[in-house]
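Engineer: One-letter residues, chain by chain:
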Amino acid sequence: MTVPSHRTASPHRPVPSREPVLDVRNLRVEYGGDGRSVVGADNVSFTIGAGEIFGLAGESGCGKSTVANAVMRLLKPPAQITAGSILFDGRDVLAMDPRELRAFRWREIAMVFQSAMNSLNPVLTIGEQIGDIFTTHERMRKRRARARSGELLELVGIDPARLKAYPHQLSGGMRQRVVIAMAVALKPTLLIMDEPTTALDVVVQQEIMAQIGDLQRELGFSVLFITHDISLMVELSHRMGVMYGGRLVELAAAKELFAQPLHPYTQALMNAFPPLTGPRVELTGLADTPRTEHGCGFHAHCPDDRSDCSTNIPDLREVAAGRFVARTGGGAR
Amino acid sequence: MMAPAAATRAPLLSVRGLTKDFRMGGLFSRDRHRALNAVDVDIPHGRIVALVGESGSGKSTLARCLARLEQPSSGQVLLDGEDVLRTQKRGASRAYRSTVQMVFQDPFGSLNPVHRVEHFLRRALLVHGRPAGEDELRELITTVGLTEDMLESYPHELSGGQRQRVAIARALAVDPRLVLADEPTSMLDVSVRIGILNLMRRLRDEHGISLLYITHDLASARYVADTTQVLFAGELVEGGDSLALMDRPAHPYTQLLLSAVPDPERTEGYDPVLRAGLRAAVLTPESCPYEDEGTCSRTEPVRHTVGEDDGQPHWVRCHLYAPATPTARRVLTAATPEVENV
Ligand SMILES: Nc1ncnc2c1ncn2[C@@H]1O[C@H](COP(=O)(O)OP(=O)(O)O)[C@@H](O)[C@H]1O
Ligand SMILES: Nc1ncnc2c1ncn2[C@@H]1O[C@H](COP(=O)(O)OP(=O)(O)O)[C@@H](O)[C@H]1O
Ligand code: SF4
Ligand code: SF4
Ligand SMILES: [Mg+2]
Ligand SMILES: [Mg+2]
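Chains as they are written, first to last, in the numbering used here: chain G, 15 to 347; chain C, 571 to 912.
Any given hint could turn out to be false.
[Claimed, not checked] Derived DEER-like restraints, expressed as beta-carbon distance ranges: (1) Asp817(C) to Tyr180(G): 39 to 47 Å; (2) Phe598(C) to Gly234(G): 41 to 49 Å; (3) Pro683(C) to Arg113(G): 55 to 63 Å; (4) His685(C) to Lys201(G): 47 to 55 Å; (5) Asp103(G) to Glu776(C): 56 to 64 Å.
[Stated by the list, open to error] List time: in silico DMTMM-like cross-link candidates among lysine to aspartate or glutamate, alpha-carbon distance up to 25 Å: (6) Lys659(C) to Asp676(C); (7) Lys201(G) to Asp106(G); (8) Lys269(G) to Asp817(C); (9) Lys90(G) to Glu114(G); (10) Lys269(G) to Glu168(G); (11) Lys201(G) to Asp103(G); (12) Lys269(G) to Asp759(C); (13) Lys201(G) to Asp111(G); (14) Lys269(G) to Asp833(C).
Since the hints were derived computationally from the structure, they do not count as laboratory data. We put the CB at the ideal spot given by N, CA and C, even for glycine.
Sequences and hints are given; from them, build the entire structure.
Structural biologist: Next comes the structure, spelled out in structure tokens:
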């Protein structure tokens with residue numbers, strides 16, 4: 015009478031190789047213009063291994079999309095990368111010229127944007143839009159492209175007959191799957207997903223994540239997965255980082271970070287999600303106040319007395335093997 | 571956590587057999603889409619009732635029917651026992667509109683950018699013939715956890731969470747007894763959602779206001795709501811005390827919804843593909859993995875009580891829980907039921 019258990023022995027989490035596919039170091043991005051400059055990301059460093067799912071969590075405005083766009087080299091003025099390096103398979107992404115970039119984007123790194131499901135062209139059929147990828151990037155013949163498009167739809171669990179459908183004829187979840195199919199069309203090494211399921215409800219989100227897990231197993235790409243939903247991230251990712259005010263404040267294996275968050279902000283962020291089990295206790299969440307522009311805006315709400323970090327968020331320090339946290343003082347809590 | 575025992579009183583609002591059909595196609599088309607089917611629900615005094623379900627299940631339609639923004643096709647809405655669809659046929663009375671207030675999902679769309687916060691609150695007070703002096707404004711703005719100086723602010727100067735608080739303050743201006751909150755946090759950043767949920771709890775505990783909290787986020791329903799009702803394809807399939815319902819979900823659909831919530835506590839891996847398959851299966855009686863020998867495709871289930879917590883019956887509409895006697899089953903007729911226009 016109860017739902018049969020679907021828990022199986024961890025199917026989509028093979029231990030990834032430690033060989034980094036992506037290596038981001040000390041990245042700093044500023045949004046300049048008329049004298050004022052906003053730092054979108056500062057001193058951000060992380061790596062993603064082959065076949066690894068790496069998560070980037072944090073509330074909106076913390077710099078997640080800025081990092082993703084920097085990796086894709088999609089930042090446009092007034093945004094500027096003012097420090098740091100990005101290496102992809104050992105190659106310097108920041109040094110690529112436009113021609114190299116064209117070959118690099120979508121083929122090696124593909125991205126599913128926030129609310130991408132609304133970005134499909136409303137006047138073209140799904141088939142035309144997927145087919146385009148093959149005809150322009152692979153110079154494929156129309157017929158062949160159509161066949162490949164059908165296969166791709168099947169891969170994300172949509173009936174190839176829907177190639178003839180227009181975007182508005184599909185549900186939000188289906189459109190999102192189409193966008194994911196398009197992103198993996200050229201078999202990229204790294205797939206960046208910027209809040210791919212934020213607009214979808216939980217059951218559809220579950221399906222999409224299932225699809226991604228499936229695809230990842232099948233195609234073996236690495237994933238940079240961005241969301242503000244820590245629970246979802248912990249469930250899906252191998253390792254994850256938490257961003258706050260443009261800085262990484264914690265970096266660790268996802269399960270470890272969840273089991274014992276070390277940074278006060280990570281703790282506060284986790285405390286913003288009510289649990290599904292256990293007693294009902296009042297949560298405080300995060301403060302609903304605009305952040306101060308300088309220093310760590312979280313300082314006033316930081317549960318610990320940390321006068322040492324009132325002017326800025328400290329750099330990450332390794333406090334245990336593979337565990338990094340932004341703090342100045344000693345390692346002990 | 572619970573408000574003092576109010577459950578023994580007659581409910582503030584009772585909904586009985588509420589059905590809403592939308593006409594598909596042109597004005598004279600006979601095609602109907604049934605968005606709500608025979609919904610029965612009670613909203614007690616000073617309680618929060620959560621209405622959960624995935625998008626398209628009819629949650630907003632129910633809220634809009636209760637706010638009288640939508641005319642139900644049949645059924646009753648009883649406010650303090652008064653069948654308002656009959657007594658106020660031509661639309662809600664002013665008294666009804668001030669008793670039942672709605673808060674929408676989008677805190678941007680509902681506030682005109684050219685006015686200061688003060689304007690929205692003052693207008694709401696005046697429209698309902700209430701004094702709108704400094705004291706009243708101050709009380710309203712502080713009730714929702716904002717500071718007095720924000721009365722001077724324009725909407726764009728506020729964060730999403732602050733704007734939603736203003737929208738709630740505006741709803742409170744008319745001293746409502748029931749607030750219908752349609753996904754009030756889903757467009758807000760995670761960092762401010764808890765604040766809105768805590769505000770809802772405070773309105774219940776300190777002001778005795780009843781709330782219908784609409785959401786697809788089960789954990790938040792569990793956090794704020796005394797009872798939870800699960801809506802699936804326009805029909806309520808399960809209801810009961812929120813904690814009990816989520817600890818022991820009875821209906822296959824509720825079990826599925828709960829299993830779809832990401833849970834880092836899961837120590838073993840799980841197979842989301844299998845789970846997604848289950849979802850597809852539960853959607854129709856023909857393929858529901860729990861249906862026995864075709865009963866479900868032939869007869870419509872009725873409510874069965876599976877438990878009681880805090881005086882709240884935990885009920886489920888599913889044949890699996892039917893008592894051994896077949897009397898409780900109603901045979902489905904081939905013809906669609908007559909739609910009564912009220
Ligand atoms: N085009 C832009 N111009 C100016 N500031 C920007 C721009 N895009 C983002 N920012 C700023 O950079 C910071 C990080 O933004 P973003 O990377 O979009 O955060 P997230 O994706 O985590 O919500 C924010 O303070 C935001 O206001
Ligand atoms: N004005 C309308 N005309 C026709 N169909 C509608 C209208 N409003 C809602 N519906 C349909 O009713 C169903 C329930 O919608 P809704 O109440 O908005 O669901 P939810 O709020 O749970 O997402 C959907 O199938 C929707 O398409
Ligand atoms: S105040 Fe200091 S310890 Fe607290 S979050 Fe900010 S930088 Fe970290
Ligand atoms: S009544 Fe039958 S078809 Fe419906 S949920 Fe229960 S077992 Fe499944
Ligand atoms: Mg973003
Ligand atoms: Mg809705």
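Engineer: Taking the hints in turn, state whether each one holds.
Structural biologist: Each hint tested on the structure:
1. Look at Asp817(C) against Tyr180(G): about 44 Å separates their beta carbons, and that is inside 39 to 47 Å.
2. The given range of 41 to 49 Å is broken by Phe598(C) and Gly234(G), whose C-beta atoms sit roughly 57 Å from each other.
3. The hinted window of 55 to 63 Å between Pro683(C) and Arg113(G) is violated, with their beta carbons roughly 45 Å apart.
4. Taking the beta carbon of each, His685(C) and Lys201(G) are about 53 Å apart, inside 47 to 55 Å as hinted.
5. About 59 Å separates the C-beta atoms of Asp103(G) and Glu776(C), a value consistent with the hinted range of 56 to 64 Å.
6. For the hint pairing Lys659(C) with Asp676(C), the CA-to-CA distance comes to about 29 Å; that exceeds 25 Å, so the pair is violated.
7. The suggested pairing of Lys201(G) with Asp106(G) holds, with an alpha-carbon distance near 21 Å, which does not exceed 25 Å.
8. Of the pairs offered as hints, the one joining Lys269(G) and Asp817(C) holds, with about 24 Å between alpha carbons and a cut-off of 25 Å not exceeded.
9. At roughly 17 Å between alpha-carbon atoms, Lys90(G) and Glu114(G) fall within 25 Å of each other, so this suggested pair holds.
10. Only pairs whose Cα atoms come within 25 Å are accepted, and Lys269(G) paired with Glu168(G) is rejected, the gap being roughly 32 Å.
11. As the CA atoms of Lys201(G) and Asp103(G) are separated by approximately 15 Å, the hinted pair is consistent with the 25 Å bound.
12. This hinted pair checks out: Lys269(G) and Asp759(C) have alpha carbons roughly 24 Å apart, not beyond 25 Å.
13. Of the pairs offered as hints, the one joining Lys201(G) and Asp111(G) holds, with about 22 Å between alpha carbons and a cut-off of 25 Å not exceeded.
14. A distance of roughly 11 Å separates the Cα atoms of Lys269(G) and Asp833(C); the hinted pair therefore holds under the 25 Å criterion.
Taken one by one, the earlier hints fail for this structure at numbers 2, 3, 6, 10, listed in ascending order.
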